[in-house]
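S.K.: Going down the list, the sequences are from chains W and Z.
The first sequence runs contiguously to residue 331 in our numbering.
The second sequence runs contiguously to residue 868 in our numbering.
If you're looking for bench data, these hints aren't it; they were derived computationally from the structure.
Take the hints with a grain of salt, since some may be wrong.
If you want the footprint, here are the derived chain W segments under chain Z, 3+ residues with CB under 8 Å [unchecked claim]: (1) 12-18; (2) 57-70; (3) 88-100; (4) 149-162; (5) 190-202.
The C-beta atom is built at its ideal place from N, Cα and C for all residues, glycine as well.
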Amino acid sequence: MHRIVIACLASILLYATLFGLLLDRPLTLGLPRALLDSTIARGSAIEGPKLVILAGSNGPYSHRCQTIEPILELPCVNGGVAVGIGLDYLFARWQPLLRPGDVVYLPLEQAQYIRSRAATVVGPDAAIMARHDRATLANLPPERWLGALFAFDLRALVMSMIELALTAARFRDPRAEVTGSVNAWGDHVGHTPTLGSANAMILATARPEHLTAHAIEAGDGTRMVRAFLIWANANGVRVIGGLSTGFSDTPLPDATLTAIRTLYEGADTMFMRLPNNSRYPRSAFFDTPDHLHEVAQIEHSTAVARALGALLARSTGTDLAFMAPGSAPPR
Amino acid sequence: MLFHSQIFILGFLPLCLIGFFLAGRLAGRTMALCWLIAASLFFYGWWNPPFTLLLIGSIAGNYGLACLIRRLARASCFIPVDRSIDSSNDGSPNDGRSAATALISCAGTVFGPAAPNPAKPVRRGPHRPHLARICLGGAIAANLGLLAWFKYADFLLAIVAPDNATLSIFLPLAISFFTFQQIIYLTDCLRHPEQNPGFVPYAAFVAFFPHLIAGPLVAPRDIMPQFQAAGLATPDAGNLQAGMTLFLLGLGKKLVLADMFGAFADTGFNAAARGETLTFVEAWFATLAYALQIYFDFSGYSDMAIGLARMLNIRFPLNFDSPYQARDIADFWRRWHITLGLFLRDYVYIPLGGSRHGPTRHLGALAGTMLLGGLWHGAAWQFVLWGGLHGLFLAVHAAYAGPPLPRRLSHGLTLLAVILAWVPFRAADLPTTWSMARGLLGLNGVTLPQMIVAAVPSLGAIADPVPVLLFLGDARTLSFPEVSVCLLLGWIVVLTLPHIHLWHARTRTMGLTAGFALTMQALFFAPHVSPFLYFQF
Numbered sequence: 001m002h003r004i005v006i007a008c009l010a011s012i013l014l015y016a017t018l019f020g021l022l023l024d025r026p027l028t029l030g031l032p033r034a035l036l037d038s039t040i041a042r043g044s045a046i047e048g049p050k051l052v053i054l055a056g057s058n059g060p061y062s063h064r065c066q067t068i069e070p071i072l073e074l075p076c077v078n079g080g081v082a083v084g085i086g087l088d089y090l091f092a093r094w095q096p097l098l099r100p101g102d103v104v105y106l107p108l109e110q111a112q113y114i115r116s117r118a119a120t121v122v123g124p125d126a127a128i129m130a131r132h133d134r135a136t137l138a139n140l141p142p143e144r145w146l147g148a149l150f151a152f153d154l155r156a157l158v159m160s161m162i163e164l165a166l167t168a169a170r171f172r173d174p175r176a177e178v179t180g181s182v183n184a185w186g187d188h189v190g191h192t193p194t195l196g197s198a199n200a201m202i203l204a205t206a207r208p209e210h211l212t213a214h215a216i217e218a219g220d221g222t223r224m225v226r227a228f229l230i231w232a233n234a235n236g237v238r239v240i241g242g243l244s245t246g247f248s249d250t251p252l253p254d255a256t257l258t259a260i261r262t263l264y265e266g267a268d269t270m271f272m273r274l275p276n277n278s279r280y281p282r283s284a285f286f287d288t289p290d291h292l293h294e295v296a297q298i299e300h301s302t303a304v305a306r307a308l309g310a311l312l313a314r315s316t317g318t319d320l321a322f323m324a325p326g327s328a329p330p331r
Numbered sequence: 332m333l334f335h336s337q338i339f340i341l342g343f344l345p346l347c348l349i350g351f352f353l354a355g356r357l358a359g360r361t362m363a364l365c366w367l368i369a370a371s372l373f374f375y376g377w378w379n380p381p382f383t384l385l386l387i388g389s390i391a392g393n394y395g396l397a398c399l400i401r402r403l404a405r406a407s408c409f410i411p412v413d414r415s416i417d418s419s420n421d422g423s424p425n426d427g428r429s430a431a432t433a434l435i436s437c438a439g440t441v442f443g444p445a446a447p448n449p450a451k452p453v454r455r456g457p458h459r460p461h462l463a464r465i466c467l468g469g470a471i472a473a474n475l476g477l478l479a480w481f482k483y484a485d486f487l488l489a490i491v492a493p494d495n496a497t498l499s500i501f502l503p504l505a506i507s508f509f510t511f512q513q514i515i516y517l518t519d520c521l522r523h524p525e526q527n528p529g530f531v532p533y534a535a536f537v538a539f540f541p542h543l544i545a546g547p548l549v550a551p552r553d554i555m556p557q558f559q560a561a562g563l564a565t566p567d568a569g570n571l572q573a574g575m576t577l578f579l580l581g582l583g584k585k586l587v588l589a590d591m592f593g594a595f596a597d598t599g600f601n602a603a604a605r606g607e608t609l610t611f612v613e614a615w616f617a618t619l620a621y622a623l624q625i626y627f628d629f630s631g632y633s634d635m636a637i638g639l640a641r642m643l644n645i646r647f648p649l650n651f652d653s654p655y656q657a658r659d660i661a662d663f664w665r666r667w668h669i670t671l672g673l674f675l676r677d678y679v680y681i682p683l684g685g686s687r688h689g690p691t692r693h694l695g696a697l698a699g700t701m702l703l704g705g706l707w708h709g710a711a712w713q714f715v716l717w718g719g720l721h722g723l724f725l726a727v728h729a730a731y732a733g734p735p736l737p738r739r740l741s742h743g744l745t746l747l748a749v750i751l752a753w754v755p756f757r758a759a760d761l762p763t764t765w766s767m768a769r770g771l772l773g774l775n776g777v778t779l780p781q782m783i784v785a786a787v788p789s790l791g792a793i794a795d796p797v798p799v800l801l802f803l804g805d806a807r808t809l810s811f812p813e814v815s816v817c818l819l820l821g822w823i824v825v826l827t828l829p830h831i832h833l834w835h836a837r838t839r840t841m842g843l844t845a846g847f848a849l850t851m852q853a854l855f856f857a858p859h860v861s862p863f864l865y866f867q868f
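Based on the sequences and whatever the hints tell you, model everything.
M.R.: As structure tokens, then:
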């Protein structure tokens, strides 16, 4: 029997060595890691109050800090990365950088509210932490340590070897050509309607479904947001909840909207929604219901900036420059 | 309860093993078997408790019928010496009292093998008893009738009265397997009427959880003596180690390999079922992935079953012998689901005439056997098509009279035939099968990721570049190389490596070292657990 035990222990050791020290996924996980690191660097470099947008990929694709910043006259960082990045990890990375007076806008995708704990602990951020960010991992609960250790399946092993080989061969990542790139604010740019036309079939056949109010209320992501709101209130950080973008032909049910709104307003934080609930025609999207193309992204960001400005003005009684007459939400 | 669930591995299995060996040590083999029966019924009832009654009823009913058949078979061959005990019994197969006494005598054999009656020395007769045969026929019909009701009633209703609402009959888990297992036993009773193991070993044999749900189908004459062996309930370090190793390797096959390939196959087949159009590469990748999924899934399950039985000092026969390495289609069926193949040979193919009644009857027996084998897997036309295709392949193979094909060509043709036949087997229905077939033939076009076409421009002559293949893996930029490498690895394993039962102890240990951590990752951290494919049959 000792032979089995030794084999099992050797297997765990081999696995931990491979994934913790040797293997990596520079293409698949390298991009979100680089995006996260660059936005964190920008956020830490800003002196004074700032606006931070935290979300999944809806953050960088559908919002543009480059547009929002001059309207609000507030330094802005687009800290959204991808829907698979755990909210607890995202919050853990940003909390040390948030100061009293900072504003955090959360246009979270619905999937982020209900993402299961089991999926979160082995998500892409677990792999990133195991290999590159053990400092943040150390501050997360022990279940995240185990999850980070066992975040790698056989596909991860295969992908690691493929990506390392491609990187060694100076592989030119084609994604910039087909999806655009990221600017200094953390915004995704260059995802033009012309590039997006290649995804017309995907968008035409996409059938997004809204979550029920109960699912949102009971979600593990909701629990993490609630904990973050408590922390923000205690530390003088103003949080504004919001809505992610979506197709106008699949309107948001009232109950779902109420559940999201209640999450924020129930915690003494603000909630902002545009008159169209961030719903746009399918022609305004790039490749998924969470990703506007950049023309719509700029229009949506303008509307968001004005609405955020109005909300902040009401909450502080300040007359802000961006509240110019004639401002209108995007079509 | 699934073999690859946490509750089974961390809860049921240790308790079952401890209880079994403890009962054996404290109260003897029979009590250990009683514990095993109770554990097996609990294992079965975990899925749907009320159906445990069906299993218990089936076991009890079939045991009664087995006693009856055995008694009738013996009675017709016996010449009682002491006629004063049963003066009216003249050994006639038509003696109604012999049937009644057979049933009554079963009560005396509940807790062990029937002791030979010294007052009734017997002489073997030259012929099989007619009444026992009738009784066996009735018993088999009753078993098949029960199976048909649960499994085929809706299917038949849809054929004869397509406008009627379905009966929506719930198919009890494992009914196909425990029905066939008991049919084998009943038939053995006629062939070997002198062997009566007693009710407890019989119930333990049928309900034995390692093979209850999805086999392997085992011959009672091979297994029953093991349940009656004196050392059955004594822990054996060698068996425990070998069994645990096989179990863990099988677990890895299921969780690490089968479920990974299953995700690739599901993407393609589910898209086809939704009415999406799969192009050439998407259809082939899904089909190749399914061929690997079903092999790793079912052979992994079989390895786990063999390993579990081994831990309990029971040796099961091999169920998979590297089937994708078969040199021809007949060889494939000697290697794939071996125990079902043997069952179909002994209980369908040979009764249908086998190869001894001329070529026409032979081909008919092959086709009929495989059609029934297909229908056994499920009451749906795509299973009939799968069985029909294999019947056709076997018939062509049997009828071929030319020179032997080169080994590689023969192997390649066999593999292609087997892989293509998996399409209807996996497809949700016949329209999905045709849709997949169109994709496999390239009738929906050939597309490749533009990244690949850019890297190998000559591919542009045969394939249209697209940003991503929508129905391949996760439909991401790197999904094509990811799925390609995974499929390549999987096919290298099944085409070149011997099966794990041929591995030396050191090789098994190396296999465990390579796969244990990935297996634990899948067991405790995979987002979802897929049931065994064969549980649906």
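S.K.: Hint by hint, say whether it matches the structure.
M.R.: Do the hints match the structure? See the list:
no., hint, verdict
1, 12-18, "holds (count 4)"
2, 57-70, "violated (count 0)"
3, 88-100, "violated (count 0)"
4, 149-162, "holds (count 11)"
5, 190-202, "holds (count 4)"
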